[in-house]
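Protein chains in written order, with the working numbering: chain A, 1 to 177; chain B, 1001 to 1465.
Please keep in mind that the hints were generated in silico from the structure rather than gathered at the bench.
Glycine included, each C-beta is placed from N, C-alpha and C at the ideal position.
One or more of the hints may lead you astray.
To be verified - Distance condition first, Cα-Cα at most 30 Å in a straight line; then the derived DSS-like pairs of lysine-lysine:
1. B:K1452 with A:K6
2. B:K1419 with B:K1226
3. B:K1119 with A:K6
4. A:K46 with B:K1274
5. B:K1274 with A:K53
6. B:K1119 with A:K46
7. B:K1226 with A:K53
8. B:K1352 with B:K1398
Said to hold, decoys possible - Not the full set, but computed from the structure, chain B residues with beta-carbon under 10 Å of chain A:
9. N1131
10. S1177
11. Q1217
12. G1222
13. G1359
14. Y1361
15. A1365
16. R1368
17. E1378
18. T1394
19. P1402
Letter by letter, the chains look like this.
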Amino acid sequence: MSEMPKSLRDRLNPIAQVIRDAGGEIVGRTKLQKTVYLLTLAGFEKQFRFGYKHYGPFSEALADATDLAVAFGLIFEHQQQAAWGGTYSVYTAPPGEQSAQPSRIRLTQAAAQSDAVLLELAATAAYLAQEGKPRPWAETARRKPDKAANGRLDRAKELYAQLREASDNALPEIRLE
Amino acid sequence: MPDVKRQRVRDPLHNLIEFNEGNPFERMLWRVVKTAPFQRLRRIRQLGLSDFVYPGATHSRFIHSLGVFHTARQLMRIVQRYVPDQPEEHISAEAALAAALLHDVGHGPLSHAFEPLGKSFGWKLVGEHENYTEALIRSTERGAIGEILNNYHEGFADMVADIIRGGPATVYRSVVSSQFDADRLDYVRRDRLMSGTHLAGVDFEWLIANLEIGELQPDNSGVRRKTFVLGPKAVYAAESFITSVFQMYPTVYFHKTTRGAEKLAQAMLQEVAKLVADGCVAATGLPENHPLTKFFKEPENLAVLSELDDSVVLGALPLLRQSDDKLVKDFATRLQTRRLFKAMDLGVLIIKAIADQAGRYDEHAFLRMQGDITQRIEDWLAQADHRGRILLDTATRKPYKPIEEEGPMNQIWIHDGGKLVDIRDRSPAVAATGVFRAFRAYVAEQDDEARKFVEETTANAIKGA
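With the sequences and hints as input, model every part of the structure.
So, in structure tokens, the structure goes:
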């Protein structure tokens, strides 16, 4: 392939950067989406717009750019089989420098190492809060009753507090209701 | 005993769709149908500008929505055989039926053709029609849809909106959102009928006759969920259904001429929006009080959005032809007279080149070439005097997705000897289907410079691959 246009490289590099900041690996499309959403919410990423889909905040542009970054070899994707029968993607990035912002790196790593369901709940509540919903956690529980069950909503609240702390409070505070 | 009034709608696909006014739920839904937001759907074409190619395809989101409700009611009769006869089940079923009726109430003008405009400016309500749909369903001022729903049952508007927004993942949601939902079962058959294509037949009665409810293996949340499954005699009907949905994409939904017209409309409206944002309303050709002008000034205002429909956009073309902006004037004229840009099918060239070079299709090679060409064209378009001279179209459709992180609810399951099997494991045809990718450039018939740039850029990308 002839040399990649700089503008394209600039568009795709942030995805590789997020994976590098996470420590070189992010497990799952959902986790990649939610991690980039939280980075965007915290002001560390600016490129992708997020809307609300069945699984919480989602960016179609990020999904497309991720596929393109894989095609260009800027990141790698490996399919794995889950115990429940489905497949999931593991994203890795070639070695390179991490970001210069420690709080960005801490937030990325905390998100990438968290439980995927808790991260989805936390990112959803954060999205709903940004949309002006007065009781974002209660609404998250109503929209995702199975995932929020068995104490997971409370653990997702704790996770959000940890993520916020990791980001040096760059993530906004959201009401606990 | 007085006759119970039935509201009857004749439909080219389903023949008779009835709302029984003796039933409080259906009486309430008929009130919803009579609201202004639902009536607006009469003026939203289901297939946007597809009538440029298929002149019969002028059917509306209104009749599609009634058809989805009718189909959902058929599916729900099957569900009700498998769930307990309890009040909470009844209200969940009714919420799903209401969601089926209302799932498209927030569609903007020209249906899906309007959404890229919203996305490009970051406007939430028109960028994704589900956002506007949700807002309309939750709106509870006097006479609004949400108020009618909540007067029927406390909290009903939220139940309906939550189903449309994706949760909870119950069998009721499968009626509204799955690979075998009422929406798909209506639109494939309706769009086939109205477009006049003879591809994409669906053996609907046989599918319904073989439909059951089954319980899936635990998903990633550890929950065993109920969903639709098909009996073993319906394997080929299911295979044909999947193939039919897929065939509609290259032949109707992503038809190169239709997409070319949509790209013109999107580019034109984008320029109008910029002019309005820059305070140059007079240059657009539209008056200050035109619904489009008002919309571009307040794109998140529900009252302003309620005035938008296809008739507003298409009716604005004679005014936009008087615009001071060269692009707006030219594109409005082209849309009104169907003098569209010429399509250059770059995807076909890339696929041919990959086959010549590698001997087989390589998805990553396609994406690399598409990404490279797209970026170079976008960089060219950013130069002075190049605005709007090349319109790009990229679209993708997977006929049937393998089971991924989203979980097993999105699959079509076959009931086979006491266990449930993914249709991919019973149908070699489904397992073998690839991804359809459209990648085109459109240029004006006499713009040799733009055409040559596209040709050279594509040739260079192929050569350098």
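Verification of the supplied hints:
The hinted pair formed by B:K1452 and A:K6 meets the criterion: a straight-line CA distance of about 22 Å does not exceed 30 Å. Restraint check for B:K1419 and B:K1226: the C-alpha separation of about 14 Å stays at or below 30 Å, so the hint holds. Among the hinted pairs, B:K1119 with A:K6 is consistent with the structure: their alpha-carbon atoms are about 24 Å apart, no more than 30 Å. Taken as a hint, the A:K46 and B:K1274 pair is honoured in the structure, with Cα atoms around 22 Å apart against an allowance of 30 Å.
With a C-alpha separation of about 28 Å, the suggested pairing of B:K1274 with A:K53 holds against the 30 Å cut-off. Proximity of B:K1119 to A:K46 is assessed by CA-CA distance (about 15 Å); at most 30 Å being required, the pair is judged to hold. With a CA separation close to 21 Å, the supplied pair B:K1226 and A:K53 stays within the 30 Å bound. With a C-alpha separation of about 20 Å, the suggested pair B:K1352 and B:K1398 falls inside the 30 Å cut-off, and the hint holds.
Taking 10 Å as the C-beta cut-off, the interface hint given for B:N1131 holds, the closest approach to chain A being about 7 Å. Taking 10 Å as the C-beta contact cut-off toward chain A, the hint placing B:S1177 at the interface holds, the least distance being around 8 Å. Proximity of B:Q1217 to chain A holds as hinted, the smallest CB-CB distance being about 6 Å (cut-off 10 Å). This hint holds: B:G1222 has a C-beta 8 Å from the nearest C-beta of chain A, less than the 10 Å allowed.
Restraint check, B:G1359 versus chain A: the minimum CB separation of about 18 Å is more than 10 Å; hint violated. Proximity of B:Y1361 to chain A is violated relative to the hint, the smallest CB-CB distance being about 13 Å (cut-off 10 Å). The beta carbon of B:A1365 is positioned within 10 Å of a beta carbon in chain A (closest approach about 8 Å), and the interface hint is therefore held. The beta carbon of B:R1368 is positioned within 10 Å of a beta carbon in chain A (closest approach about 5 Å), and the interface hint is therefore held.
Interface hint at B:E1378: satisfied, since its Cβ lies 7 Å from the closest Cβ of chain A, which is below the 10 Å cut-off. Hint status for B:T1394: holds, given a least beta-carbon distance of 9 Å to chain A, under 10 Å. For B:P1402, the interface hint holds, since its Cβ comes within 10 Å of a Cβ in chain A; the closest pair sits about 7 Å apart.
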